[in-house]
Structure formats: C-alpha cells, structure tokens
Amino acid sequence: MSEPLLRVQGLQVEFKLPRGVLRAVDGASFEVQPGEALGIVGESGSGKTMTLRALVGLLPRTARITAGTVEIDGVDMTGAGKERRRELRGRTVSMIFQEPMTALNPVMRVGRQIAESPIVRLGLSRRAAHARALELMRLVGISDPTRRAEAYPHELSGGMRQRVMIAIALSADPKLILCDEPTTALDVTIQDQILKLLGTLQRELGVSLVFVSHDLAVIAQTCSRVAVMYAGQVVETGTVEAVFREPRHPYTLGLLRSVPDFDVVRERLASIPGSPPDLASLPAGCRFHPRCPFVQADCRSGAIPLIELGGDRATRCTYHERCAEDVRLEPVIAGV
Amino acid sequence: MSETLLEIEGLYVHYELRGGLARRARGVGPEVLRAVDGVDLTIARGETLGLVGESGCGKSTLGRAIVGLEPPTAGALRYEGEALTARRERAQRRRIQMVFQDPYSSLNPRMTVRQALAELLRAHRMVPKEAIEARCRELLDLVGLGSRALDAHPRQFSGGQRQRVAIARALALEPELLIADEPVSALDVSVQATVLNLLDELREKLGLTVLLIAHNMAVVRHVSDRVAVMYLGRIVETAATDELFTNPRHPYTKGLLTAVPRLVPGRASESTGVVGDPPSPVDPPSGCHFHPRCPIAQEPLCSAEDPALATGSSGPAHVAACHFAWREPPEAHTPEVLQEAT
Numbered sequence: 001m002s003e004p005l006l007r008v009q010g011l012q013v014e015f016k017l018p019r020g021v022l023r024a025v026d027g028a029s030f031e032v033q034p035g036e037a038l039g040i041v042g043e044s045g046s047g048k049t050m051t052l053r054a055l056v057g058l059l060p061r062t063a064r065i066t067a068g069t070v071e072i073d074g075v076d077m078t079g080a081g082k083e084r085r086r087e088l089r090g091r092t093v094s095m096i097f098q099e100p101m102t103a104l105n106p107v108m109r110v111g112r113q114i115a116e117s118p119i120v121r122l123g124l125s126r127r128a129a130h131a132r133a134l135e136l137m138r139l140v141g142i143s144d145p146t147r148r149a150e151a152y153p154h155e156l157s158g159g160m161r162q163r164v165m166i167a168i169a170l171s172a173d174p175k176l177i178l179c180d181e182p183t184t185a186l187d188v189t190i191q192d193q194i195l196k197l198l199g200t201l202q203r204e205l206g207v208s209l210v211f212v213s214h215d216l217a218v219i220a221q222t223c224s225r226v227a228v229m230y231a232g233q234v235v236e237t238g239t240v241e242a243v244f245r246e247p248r249h250p251y252t253l254g255l256l257r258s259v260p261d262f263d264v265v266r267e268r269l270a271s272i273p274g275s276p277p278d279l280a281s282l283p284a285g286c287r288f289h290p291r292c293p294f295v296q297a298d299c300r301s302g303a304i305p306l307i308e309l310g311g312d313r314a315t316r317c318t319y320h321e322r323c324a325e326d327v328r329l330e331p332v333i334a335g336v
Numbered sequence: 001m002s003e004t005l006l007e008i009e010g011l012y013v014h015y016e017l018r019g020g021l022a023r024r025a026r027g028v029g030p031e032v033l034r035a036v037d038g039v040d041l042t043i044a045r046g047e048t049l050g051l052v053g054e055s056g057c058g059k060s061t062l063g064r065a066i067v068g069l070e071p072p073t074a075g076a077l078r079y080e081g082e083a084l085t086a087r088r089e090r091a092q093r094r095r096i097q098m099v100f101q102d103p104y105s106s107l108n109p110r111m112t113v114r115q116a117l118a119e120l121l122r123a124h125r126m127v128p129k130e131a132i133e134a135r136c137r138e139l140l141d142l143v144g145l146g147s148r149a150l151d152a153h154p155r156q157f158s159g160g161q162r163q164r165v166a167i168a169r170a171l172a173l174e175p176e177l178l179i180a181d182e183p184v185s186a187l188d189v190s191v192q193a194t195v196l197n198l199l200d201e202l203r204e205k206l207g208l209t210v211l212l213i214a215h216n217m218a219v220v221r222h223v224s225d226r227v228a229v230m231y232l233g234r235i236v237e238t239a240a241t242d243e244l245f246t247n248p249r250h251p252y253t254k255g256l257l258t259a260v261p262r263l264v265p266g267r268a269s270e271s272t273g274v275v276g277d278p279p280s281p282v283d284p285p286s287g288c289h290f291h292p293r294c295p296i297a298q299e300p301l302c303s304a305e306d307p308a309l310a311t312g313s314s315g316p317a318h319v320a321a322c323h324f325a326w327r328e329p330p331e332a333h334t335p336e337v338l339q340e341a342t
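In the order they appear, the protein sequences are chains A and B.
Under our numbering, the first residue of the first sequence is numbered 1, with each subsequent residue one higher.
Under our numbering, the first residue of the second sequence is numbered 1, with each subsequent residue one higher.
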C-alpha cells in the first residue's frame, strides 16, 4: 500500500468545562489513502465532528488536542504552527460544512468567494481567479455560472449553496476534502445530486474524502472504508463492504439492524435499548456494555483495546465472535 | 377498503405575499404562494398513510390544514362525514393531534414536562384529578423516557428526548388521528427505530390512524400501509406501499426512489434521481408541474395540459397524475432544466 495521505494516531480531544474535563475524542486512529473515501459514522455526541475538526485545527475555543498525532501528506498538523496549519488548510485540505448558509459570507457575491482562495493561496490575478471560479462552478454543476457568480448566497437554493461550498473547497486544488454532514440539511433529491457530484469529483480529480455522517446509507453510497464511533471512541473499522455485511461490534450490528432500509423490509425494527452515554459520566469498561446484548462480566471493567482482525479490520469488542455468529444466524442485509 | 376517517376534497391553501398593494395598484393583484394547490385524499381508519415529497411541496401545510392550524383557501375537510372547519370544538380538536418537526419550538421552555402534560390532561378532562400524576408517568413510559424526566425542563433534554416529550404530549389527548410531521428526522439513528416501533404499537393498541409526513422513503416504506407522493402542492401518485415502491408510475416517484441512498453497498444507482431544484410555488410551471424536470416530458402536451390523477392496470387503489402513467412511456431525454444550461 502507498503512503497514506492522512494518518491519525491516538487522537484525543478534551473540553475544559467548569465541572471538569470532558474527553470528546478518545484515542481515535485511522488512515486515508490517496483517492480513498473514508466514512466516519456515529450518533450525536460520538465525537465524529470533533475528530474531523481536530484534523485541521478548527476546534472550538474550549477544546484542545491533548494527545495523538495528525499527519496530512507527511506534515504533522498537531506540531505545526498556526501559520503552517492555515497554509495547509487552504492548499492540501479543505472542508465542507453541513449548513452552507452559515459557512458562506452572506454579503459577498459567490463568485468572489470562490475566487478568494485562488488569489490568496495560488497567487492568481483577479481576472484569472474569476475565470477559475467560473470553471469551478461549471465543474460542480452550476448552470449559467456567469450570472450565478453575481448572486449572493441567500439568492441561491440549498443545493446550489452546497455546490458553491464544494467549488470553494476545490478552489485551491486540495488533496483531501473533509465533509461534515454535507447533505443532512438537504432534500433527498438534492442529497442524491450532491453525493453523486462528490463521487464524480473523487474519481476524476483523485481527491480523498473524509465523510462524517450519522446516515449509514449515505456512508454506504459514498465511501469504501468506514470507522464507526461511539462515545468518543472508534469501535470498529474496515471496508464498508465487510463492516456493513458482517459487523464485528455489537453497536454497529445494532445500528444496522435498527435503521429502516429501502431494500430490506423488516417486520419490526430492532432497536438498541437506552441511549448513548453522557461523556461526563462514562460507564466503566466497554462504553457500550450497558446497551449490549452480548455483555459478559469482564466487559464491565478495564479498557477494551482495538483488536486487529486482519484484512484491514479492527473492533473494540472482546466478544466479536458473538456478532459474527449472530449475523450467520440472521444476515444484516440479507440476500441483496 | 375500510371505513374512511378523513376526506380531503379539492383543498387549497394559498398565501398572499407582501407587495400586494403595489401590485394591486397596477391591477395585477398580489403574488400568491400556492402551498397546497388542489389536493384530494382520503385516510382510512386505522391505516398509516405516508406523505412524501421535497421540502416546499406543501406536505407540512397540508398536515397543518388538517389539524386546523391553517385555514384553507378553498375545498373541504370531512371527518367521519362531518365538515371540519378552521374553527373547531374542543372535542374535535382533541381527536386530531400533531407532532411537529422541531421539538425545540413546539414545547414551552418554562414548563416542566409534568406541568405541560398535566395542563393538557386537565384542560381536556382526560382523567380524574387524582389520576393525572399516574397518567403523566404512564405517558413518559410509553415514549421511552423514565418518570425522572417529569420535573425536567425542555432545555435539559437532548433533541431526541425532547421530541419524545412532544409525542407524549400529543398522545395525552388520546387522539384518533395523529399527524406526525417528520417525527424521527431529529432523532439519533439508534433511537429512531424505537419511535417508529412505538408509532406502530400505538396504532395497534389505541386503534390510532397516522398521517406520517416524511422525506425519508425508507422510513415511510417501513411504517406506512399506503403512500401519497406530493409535488408542488399536488398529490401526484398514491398507492399501497409495496405497490408504490415496486411499481411506481409517475416519473417523479421513480426519481425520488432512485435518489434514496441505499444501505446495501453497491446498490446505488448511477443515474441521478431527479435533476434540478423544485420550482417556486409562487410561479409553478404550466401544465404538469413536473415537466421541466421530467425526463419523459413531451411538448406541447406536458406544458399545456395538467394531468389528473388516474387509475390504470394496477386497480382502483393506485392513482398517478402523469399523461404517460398507464401507457408506453416515451423515450427519455434531457429534462428542460438541464437543457437551458447548455
């Protein structure tokens, strides 16, 4: 395998709160190869967004990276100074946010917003940058770019705004694009358009994607590998094909069995009892054990390590064989 | 089919937009937003009817009009054969309840859960005074919140828990028809299932009829007996759930189904489901509202004539409003919205 574009090792993010320290991300490790799309899936509070933001140093004021390393294209982001990080943020890596309306400048025409990065980072002239903006708008499927470049964000539809965001993200030729729930605020028809656009860009431009979503189906559609997060930890990693068909962590298994699916109509949806734990008072041992159907005595104490399963797979469950057995008895996504 | 509970006939909800005075002075009248633009629909007792469509298609407005929150511009609503007007008796209001999309704005931030539920139970005289406390606990139990939640304020809950409080509140009045407007889209994936199963259970236990307004086709497929597809203020297709998902007749329904992200890796279709953005309901396209985005639209027919809902080879329960719903469809071409681009 070639040198990974992104390598995250033992990433730890903590919030300083008046009542103590909250560990939002606890020892996350994963890699992204050039041209690959990695999905990070989890529920709210799982730490998926904080992980993504930590990669580029865009954490809230009260949060800090307290351990671990983030290497992007061979450069250590955690050790790099502010200036160097800012430079990397524009050139090597860029980000697409969930709500384009809050990420775009409301009082600047979108054409100029797209042209900004080519001027600042690539040193293009105004005229050349404007031409590049129009070209990018065409690339992301905005029809009539000459006219649309003169529009303000509020004059565009949600889908168009997200296309503008993508054009901005692409404007300085990044190698890695971080996507934070980019389609969650969109209609299913527009989501489909944006997901297909991202897929095309990934294939044709060879950019890598890290795609954060709570929607398993969106991950299945866009990514080749996946990391499942729960209560601040990565609990399972592997290819989408392997993890979705044969999950080896009871949380992944529970999630897959509980989502209504288009292709598999179940009599009744399974559900995971309880709700995700409060990060301020995490259960001892495996963080999932209070909700786990396979829980054993030794799950209730001690840290559970990430166990390598071979074939690029890992799980944070001592009894992952139970999952395998359960899937053998009743396939997760049967017959399709 | 079983007994009709609610009948919607030729329902219109139009809003006059601002700037009406200037336009009236020029003799053209105010701009009108056609949120609901001629809907005919029936809901049978005990069924779950899924209502799907893009945002802005009028599905929430239709739900609000049924509950009585939006006065219709024209048309009729009949509940068990009796006309429902915008002004309703307390007893009539009790029978149709709604769960809203946004649990943040639909709960009073100053009231504890106990106060919110007790107020309703008292005002509608649902249970004797001494049973109110027990009923509150029971309701919270029903929606998967412990009775510890009784003394909490809405801000102390997560978005998901808050939505469950909102559902408990709607159920407090033991309604017959529950309008659930995107009830699970704010919930975490692992708790969505609980709420969907809950809706199913309640329907069985209480004989509830449910109108489920949703954009998630997988959710609708799982929960509904029948599905109605809405586009720009109109119903374009209605059928039994399995029939609609396996044999969609309207090109919009087909596109919508193609657009759904699939859990099974490699199942996603290569082609785009529906191209372009939905047009503005202030200035809907002529003829068939869908024709500018439609891959099989034929000129001049589709931009001139508005197709009515019609039955075909699939029996009386499956209706679709497309000129080509029930005959050999013409060859697919680039839709009008994309043609303009080149």
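Don't read these hints as lab results, they were simulated from the structure.
The beta carbon of each residue, even a glycine, is placed where N, CA and C say it ideally should be.
Heads up, a few of these hints could be off.
Said to hold, decoys possible - Computed beta-carbon distance windows for the label pairs: (1) T239/A with A44/B: 52 to 58 Å; (2) E99/A with S303/B: 31 to 37 Å; (3) N108/B with L309/A: 29 to 35 Å; (4) V32/B with R86/A: 37 to 43 Å; (5) L17/B with S125/A: 56 to 62 Å; (6) P60/A with G38/B: 44 to 50 Å; (7) R125/B with R19/A: 40 to 46 Å; (8) A74/B with P60/A: 19 to 25 Å; (9) L17/B with T200/A: 49 to 55 Å; (10) S303/B with T200/A: 26 to 32 Å; (11) S303/B with E83/A: 56 to 62 Å.
To be verified - Pulled a few chain A residues facing chain B out of the computed Cβ check, cut under 10 Å: (12) S29; (13) F262; (14) G274.
Here is how each hint holds up against the structure:
no., hint, in the structure
1, T239/A with A44/B: 52 to 58 Å, "violated (46 Å)"
2, E99/A with S303/B: 31 to 37 Å, "holds (35 Å)"
3, N108/B with L309/A: 29 to 35 Å, "violated (50 Å)"
4, V32/B with R86/A: 37 to 43 Å, "violated (50 Å)"
5, L17/B with S125/A: 56 to 62 Å, "violated (43 Å)"
6, P60/A with G38/B: 44 to 50 Å, "holds (49 Å)"
7, R125/B with R19/A: 40 to 46 Å, "holds (44 Å)"
8, A74/B with P60/A: 19 to 25 Å, "violated (51 Å)"
9, L17/B with T200/A: 49 to 55 Å, "violated (38 Å)"
10, S303/B with T200/A: 26 to 32 Å, "holds (31 Å)"
11, S303/B with E83/A: 56 to 62 Å, "holds (57 Å)"
12, S29, "violated (23 Å)"
13, F262, "holds (5 Å)"
14, G274, "holds (9 Å)"
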